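Participant: This is what each chain is made of:
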Amino acid sequence: MPHRITRLKLFRFRGATQPVTIEFDPQKSIVVIFGENGTGKSTLVDAIDAVSNASFGSVKRKGVDYPQKHIASLNEDVKTLEVELSTKAGHSWKATISGPNVKVADVTTGGQRPSVRILRRRDLLQLIEATAADRYKAIQSFVDVAGVDKCESQLRSDLNALDSQFERADSARNTAEISLQTMWERERQPEETQLTAPAWAQHRVAEDLVQLRQQATRLSQQQTLTGQLATTAARWQEAYEAQQACAERLAEAQRLLDEQNNGEQHRRNELISLLSSAEKYLMPPTQPAACPLCANAVDADELRQRVRTQLQQMQATASLLSSVGTAKKALDAATAGCEQRGTELLKQLRLVVAALAAHEPAAVAPLAMNWGEMQAKLREATPTDKTCQRAATIATKLYELSADLAAESTALQARITLHDNIKDQLALLKKSTDEVKDIFAIRERLAQTHKLVVAMRRTFIQRILDDITEEVNRLYQTIHKGEKIGLHRFEMDEAKLASLEQRGHFEDVADIVPQAYFSESHLDTFGFCLWLALAKRMNAKQLVLVLDDVFTSVDAPHFQRISDLLADEAQHFQQLIIATHNRLWHEFYKKNGVGVHLIKLERWTLNRGLRPHEDQIMAAELAAALEAEPFSRQAVASQAGILLESVLDGLALTYGCRLPRKHGHSYTLSELLNGTSKLLKKATVKRLDRNEHGHPTVPESWTELKLDALFQELATLTFIRNEVGAHFNPSGADLADGDVLAFGQAALKLAQALACPTCGHLPQNERDDHRGCRCQKYQTQLRPLNLN
Amino acid sequence: MSQPLPPTPTPAAALPLSALTANEELAAEITAALLAQKLVAPEDEARTKALLTAGTVKTGEWRTLLEKPLFAAAAVTTTSNDTTDATSHNPA
Numbered sequence: 001m002p003h004r005i006t007r008l009k010l011f012r013f014r015g016a017t018q019p020v021t022i023e024f025d026p027q028k029s030i031v032v033i034f035g036e037n038g039t040g041k042s043t044l045v046d047a048i049d050a051v052s053n054a055s056f057g058s059v060k061r062k063g064v065d066y067p068q069k070h071i072a073s074l075n076e077d078v079k080t081l082e083v084e085l086s087t088k089a090g091h092s093w094k095a096t097i098s099g100p101n102v103k104v105a106d107v108t109t110g111g112q113r114p115s116v117r118i119l120r121r122r123d124l125l126q127l128i129e130a131t132a133a134d135r136y137k138a139i140q141s142f143v144d145v146a147g148v149d150k151c152e153s154q155l156r157s158d159l160n161a162l163d164s165q166f167e168r169a170d171s172a173r174n175t176a177e178i179s180l181q182t183m184w185e186r187e188r189q190p191e192e193t194q195l196t197a198p199a200w201a202q203h204r205v206a207e208d209l210v211q212l213r214q215q216a217t218r219l220s221q222q223q224t225l226t227g228q229l230a231t232t233a234a235r236w237q238e239a240y241e242a243q244q245a246c247a248e249r250l251a252e253a254q255r256l257l258d259e260q261n262n263g264e265q266h267r268r269n270e271l272i273s274l275l276s277s278a279e280k281y282l283m284p285p286t287q288p289a290a291c292p293l294c295a296n297a298v299d300a301d302e303l304r305q306r307v308r309t310q311l312q313q314m315q316a317t318a319s320l321l322s323s324v325g326t327a328k329k330a331l332d333a334a335t336a337g338c339e340q341r342g343t344e345l346l347k348q349l350r351l352v353v354a355a356l357a358a359h360e361p362a363a364v365a366p367l368a369m370n371w372g373e374m375q376a377k378l379r380e381a382t383p384t385d386k387t388c389q390r391a392a393t394i395a396t397k398l399y400e401l402s403a404d405l406a407a408e409s410t411a412l413q414a415r416i417t418l419h420d421n422i423k424d425q426l427a428l429l430k431k432s433t434d435e436v437k438d439i440f441a442i443r444e445r446l447a448q449t450h451k452l453v454v455a456m457r458r459t460f461i462q463r464i465l466d467d468i469t470e471e472v473n474r475l476y477q478t479i480h481k482g483e484k485i486g487l488h489r490f491e492m493d494e495a496k497l498a499s500l501e502q503r504g505h506f507e508d509v510a511d512i513v514p515q516a517y518f519s520e521s522h523l524d525t526f527g528f529c530l531w532l533a534l535a536k537r538m539n540a541k542q543l544v545l546v547l548d549d550v551f552t553s554v555d556a557p558h559f560q561r562i563s564d565l566l567a568d569e570a571q572h573f574q575q576l577i578i579a580t581h582n583r584l585w586h587e588f589y590k591k592n593g594v595g596v597h598l599i600k601l602e603r604w605t606l607n608r609g610l611r612p613h614e615d616q617i618m619a620a621e622l623a624a625a626l627e628a629e630p631f632s633r634q635a636v637a638s639q640a641g642i643l644l645e646s647v648l649d650g651l652a653l654t655y656g657c658r659l660p661r662k663h664g665h666s667y668t669l670s671e672l673l674n675g676t677s678k679l680l681k682k683a684t685v686k687r688l689d690r691n692e693h694g695h696p697t698v699p700e701s702w703t704e705l706k707l708d709a710l711f712q713e714l715a716t717l718t719f720i721r722n723e724v725g726a727h728f729n730p731s732g733a734d735l736a737d738g739d740v741l742a743f744g745q746a747a748l749k750l751a752q753a754l755a756c757p758t759c760g761h762l763p764q765n766e767r768d769d770h771r772g773c774r775c776q777k778y779q780t781q782l783r784p785l786n787l788n
Numbered sequence: 001m002s003q004p005l006p007p008t009p010t011p012a013a014a015l016p017l018s019a020l021t022a023n024e025e026l027a028a029e030i031t032a033a034l035l036a037q038k039l040v041a042p043e044d045e046a047r048t049k050a051l052l053t054a055g056t057v058k059t060g061e062w063r064t065l066l067e068k069p070l071f072a073a074a075a076v077t078t079t080s081n082d083t084t085d086a087t088s089h090n091p092a
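Chains A and B supply the protein sequences, listed in that same order.
Position one of the first sequence corresponds to residue 1 (this note's numbering), numbered consecutively onward.
Position one of the second sequence corresponds to residue 1 (this note's numbering), numbered consecutively onward.
These are calculated hints, taken from the structure and not from any lab test.
Careful: at least some of the hints might be erroneous.
[Unchecked claim] Computed list of lysine to any residue pairs in SDA-like fashion (alpha-carbon distance at most 20 Å, straight line):
id, chain 1, residue 1, chain 2, residue 2
1, B, 38, A, 444
2, B, 68, A, 440
3, A, 437, B, 69
4, B, 58, A, 149
5, B, 58, A, 156
6, A, 430, A, 177
7, B, 58, A, 177
8, A, 451, B, 69
Since the model is a prediction, treat every value here as computed from it, not as a measurement.
Isolated chain A, as found in the complex:
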């Protein structure tokens, strides 16, 4: 838990050209630092800012680009700068400058740095005169919900993505529905007309596809077998025809041979052989003159020609013989080939018939064949010409049905494909329908969540702003009592998330722009009240508030009220530090500052730097003067007189005592004493008894003091003020120190009797039958309530 600031030590920090230490009374929640302009008030405030917030404070402003260069005292090295801050708990921290930053380090461990909020004049103006966006920035830390804003944004993105997904799924669903509708319109059978498209699709999908696929497979095989049968039959037919042709050629060759050769086959053969030999003998270059057989003279060329002719004739026959031989061989081969083809044909036919016997396609039914019977017959069949012819016929007939078979297969395949398509579309329809349903459900939740987050964020922020508005107005009315002026409303601009509009009310007109209607002082106090209201929203009890000369345009009566307000509000915070050049304020606290620590800054010079001094409230000053040695008659008489005037003036104002009407409201001590005599003769002060630590005694007890005796004593002594403390008066010398002392003590007694020892204020607030001081509990009570 942070504690009050109790000490500041500055070394070469801004105006602290000499090392300076300032102590704050830890028992006092309010510190007032009074100093005329240029005495170093802002230096002290900036020192607090440096350690608490690692900030360059007032040096960081427009026009100062490198504040680190200007934060040290004039002509001093920034690296040697130090500011040390200590708290009531005994913890300390030190600020130095490291490059462009303020660096804060522990001097002692374990403590928590004070939470300090500083209000400077320019911050006040920021609150009042800024644009809506800048005003939001000024209060952002109080209403910042960036995390929720990001979630809102992400929810919107997720919703948009989901909408796209929904559209796609919905489109897929529509496409599937249309596809099914189209298929239904195109493919439905007459008996299916009563069904709707989805019902028809379900019905079709329920078909036994296995059987259909098996049927398609068989049909395909049968087509293949039929084709192969036709091919095999064609081959057999070809072989058969070739065989026939060979047989015919053989017969023809035989016939020609028979025609050519009637008779003596053997002689012919020998003659041929002889002639062949003769031909060889007669071949050139041989040119015989006589026949080798009969030795007759011959013509070699003619003989040669005659031999050749005979040979040719003989060889025609040989050729025919050869042809017959060749034809016979060809016939044998053709016969073998035909037999082989016949065997193949029969085998193929058996396959086809077996397949058809098992399952006869509708396309084949018109043949009206008993495939089973045929299958039985084919078992024992041999590949004779007749059988093969029959097989070829069957093959031809089957081949003629190929187109029908193909059509049947195509129809079957189309049915299967349709089934698959319907199934696919149904699956797609189901999937997309489920997806649409799921997306719709989740979208509803996302939309609901988004709406909730938006609404709650707006309500939350507006609630904060309304709370702030209410508090601002409460504070504002304390300062501007009875004036028809205040804050109407704060509003976030929904179009621009980080934008804060402010509207005031003036006289009876609401919703006005404050800057256009409020005076400067009203704007100042308005900004101050806003800042204070915001600070109270934080963990106020841990906060130290610092005001750096913020009120420059406020008049005396309003200053009074501001001081009263601060005295009341200080109890909500850890500590309140007020730096001011306003002497009115200083004087006010000197009069009423029992609970306030007063510090005065004397004139600053470069050589001497900051010069803080303990200041005292008037009563304390008088008490000190009464104890001082040597005894200063003039000081005592003067201070006693001023103190008395202050106290009596307050009483007269509170009770409306009768005083002579005069210009300027400045009354003499005598006039004030006379005016309050009626009151003081009957007035009593009642106060709770406290022990030496300031706590109420146990059991609780109250002491009541009549003021009449004090009044009577003072009535006889007040002349001493004029005689000794105010004017040069020879008769004053006749008065003894004891008389002056008595006067001073009487004045002090009256002041101490009336001022609450806790809050330091005179009892002024109306209660049931008395007037009370500003304390929340155990108030000092002054009776009567009113003068009759």
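Please build the complex by placing chain B on the supplied structure of chain A, with the hints as guidance.
Facilitator: Structure of chain B alone, referenced to chain A:
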């Protein structure tokens, strides 16, 4: 020996409710509302709050969170149907 200090955010858990940041406070309210409307499952309370206070939220994280109660409800319905079927087939 002095040590440099980081910025001093105080963990929200260490502070009383009034000391929560505005975002944390709003996140708590939104989380409570989401739970009351059964938009998120009770076991996801911490995660919901974390999403609302995190600096970054990934695409689809909210969807995953909000879908969960839907699927859980569907699973319960399916289980109930299974139980009913099993019962109906039990012999008398």
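Participant: For every hint, state whether the structure bears it out.
Facilitator: To see whether the hints hold, each was checked on the structure:
no.: 1; hint: B:38 x A:444; result: 13 Å, holds
no.: 2; hint: B:68 x A:440; result: 15 Å, holds
no.: 3; hint: A:437 x B:69; result: 15 Å, holds
no.: 4; hint: B:58 x A:149; result: 14 Å, holds
no.: 5; hint: B:58 x A:156; result: 12 Å, holds
no.: 6; hint: A:430 x A:177; result: 10 Å, holds
no.: 7; hint: B:58 x A:177; result: 36 Å, violated
no.: 8; hint: A:451 x B:69; result: 19 Å, holds
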